[in-house]
Amino acid sequence: MNPSTVGIIGIGLLLFLFLIRMPVAFAMALVGVFGFSFLAGSGPALGLLSQDVFETLSSYPLSVIPMFILMGSFAFASGISHRLYKTTYAWFGSLRGGLTIATVVACAGFSAISGSTAATAATMGKIALPEMRKYGYKNTLSTGTVAAAGTLGILIPPSTILIVYGIMTEESIGKLFIAGILPGIILSLFFVATVAILCFRKPELGPPAGPTPFKHKLRSTLGIIEAAILFVLTIGGMFLGWFSPTQAGAIGAGGAVVIGLLRGQLSWKNFIESGKDGLLTSCMVMFIITGATVFGHFMAISNIPFILADWTAGLPVSTMSIMGIIIFMYFIGGFFMDSMALVVVTIPIFFPVVQELGFDPIWFGVIVVLVAEMGVITPPVGVNVFVIKGIAPDIPLGTIFRGIFPFLWAIALLIILLMIFPEIATFLPSLIES
Amino acid sequence: MVDRFERYVTVLSDWLAWIGFAGLLLMMIITCADVIGAKLFLRPVFGAIDIVILSQQVAMAFAVSAALIYGRHVQVEFFVNFLPARLKALIDTVVDLLCLALFAVIIWRLILYGYMLQAGAETSSTARIPLYPFAYGIAFACVPICLAFILNSIKSILAVVHT
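In order, the protein sequence lines correspond to chains A and B.
Sequence positions in the first sequence follow this note's numbering and run -3 to 430.
Sequence positions in the second sequence follow this note's numbering and run 28 to 190.
The hints are simulated quantities; they were obtained by calculation from the structure and are not laboratory data.
All C-beta atoms, glycine included, are put in the ideal place defined by N, C-alpha and C.
Heads up, some of the hints might be wrong.
In silico DSBU-like pairs for lysine-lysine, Cα to Cα no more than 35 Å straight-line [said to hold, decoys possible]:
| # | chain 1 | residue 1 | chain 2 | residue 2 |
| --- | --- | --- | --- | --- |
| 1 | A | Lys134 | A | Lys198 |
| 2 | B | Lys182 | A | Lys385 |
| 3 | A | Lys385 | B | Lys115 |
| 4 | A | Lys272 | B | Lys115 |
Taking beta-carbon pairs under 10 Å as the criterion, some of the chain B residues facing chain A (in silico) [what the hints assert, rightly or not]:
| # | residue |
| --- | --- |
| 5 | Leu52 |
| 6 | Val79 |
| 7 | Ile80 |
| 8 | Lys115 |
| 9 | Val122 |
| 10 | Ser151 |
| 11 | Arg155 |
| 12 | Ile165 |
| 13 | Phe167 |
| 14 | Val170 |
| 15 | Cys173 |
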């Protein structure tokens, strides 16, 4: 059997194992080692398995992942997210739909210190949903907003998806982070505009909360300082060349602990719980990458990515049409797969195609994140939706999914804009280069 | 009997996760100390990167079983949920046995890999820390996840029999 046929069978087997609920990380490792042994012999395959496990878990570039995840966990335990919401609440709460606008802005702020959609949605959901209920906000609007705005966690740096993408494609994590800033701000504005339009058309969706005195607004603004310090210290420190990405994450995690201690909000119990939560999340991501590494080796010797790249490059359609098809495939994949899993499975296959077609890899990274964002809020595997369901168990899943729908258009609009004006993602990284 | 086995596996995994947590904290502390030492006092921590990567191995490997027990490994849930309970349990048995086989092979190969590192006296690049204990360590840390898969497969088989 020729290698590419084995590769295609391997991909089919992998999808089958996903369907029968095998953990994504283990399914990729299993198919990878089987496929590799079929093509290169069992000795090299088994040797590769132990070597991949040992080397991936001890990879220094990958240590950026646990550090940034830990930073997000400690930032939540230190009450930073709570103070962020109080600030945005004070400024926007009195507007029509103001609490949802406050939630979007607070999510954008928390995304600047957290790299995960689920963590951002869970953190802000716990704080914002009870407030919105208190003021009679409709469940479709409140839950849809939190689930959608939580997706900003992987677009605004730091972002776990961009880190993994950067490591897999050997692109600069720093450049990818900075590439996410402008699209992140624009998407936040789109989400705010979505809320404003919805509430303009149906004012009963989000009645205004009581007014906040200006003095109180000013005082509450201090609440964003800690998040701003962490963001500037970590992301700014990386760009100024003070820290490597791993060091930036560790300094951010340490900084969040110091802030929590100074504020007297980080109890021993919170410290342990949040740290262990960060550990388990990091472990899950690292094992997915380990599985993807084994699977990637199998894909490489099957030649599938290179055959696919050559084939697509020779298609008699425009490169933008091919990119449109790739994005559509990611969109469909996002319905059924977790965003991290989607990225690690597909990048080894599609990245050579994207390179062959001449697209900017940094721009493509941002596009992948945006499509992954759609995946985390669309049924049936919308992780953020299940996070919100966990926080508000009495609200039906259908209500949350209905609430998300308008925000999907906002993400789709940004993808279209990025395809027309790639500079939205590439402008800031080009400044660093120059 | 199954309940007691489950308790043992959970307690063992929790204990190993504590070791993993210590490894994760060590990563953070050493990196912070290295940055502060290098930037402010021009004295970086000797072998900081070696310590960080080896701590990372400990952190991730020792948490893998707890991550499974607390449902943190990502799965695609939607398809199996539509199947009848008996078929679902049967599929779960197959999946658990496949995962058990994978981790049994990983343990076996990591022991061989550790032996190879030991025979070659392989060390980390700066601090010259021997690498073989870490290969054996990861192999050991994978034992509880095998026990967890054995437990899950027993539960799934019982579910097949009783539904």
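Now for the hints, and whether the structure bears them out:
no.	hint	in the structure
1	A:Lys134 to A:Lys198	10 Å, holds
2	B:Lys182 to A:Lys385	28 Å, holds
3	A:Lys385 to B:Lys115	24 Å, holds
4	A:Lys272 to B:Lys115	31 Å, holds
5	Leu52	7 Å, holds
6	Val79	6 Å, holds
7	Ile80	4 Å, holds
8	Lys115	9 Å, holds
9	Val122	5 Å, holds
10	Ser151	9 Å, holds
11	Arg155	15 Å, violated
12	Ile165	7 Å, holds
13	Phe167	13 Å, violated
14	Val170	14 Å, violated
15	Cys173	12 Å, violated
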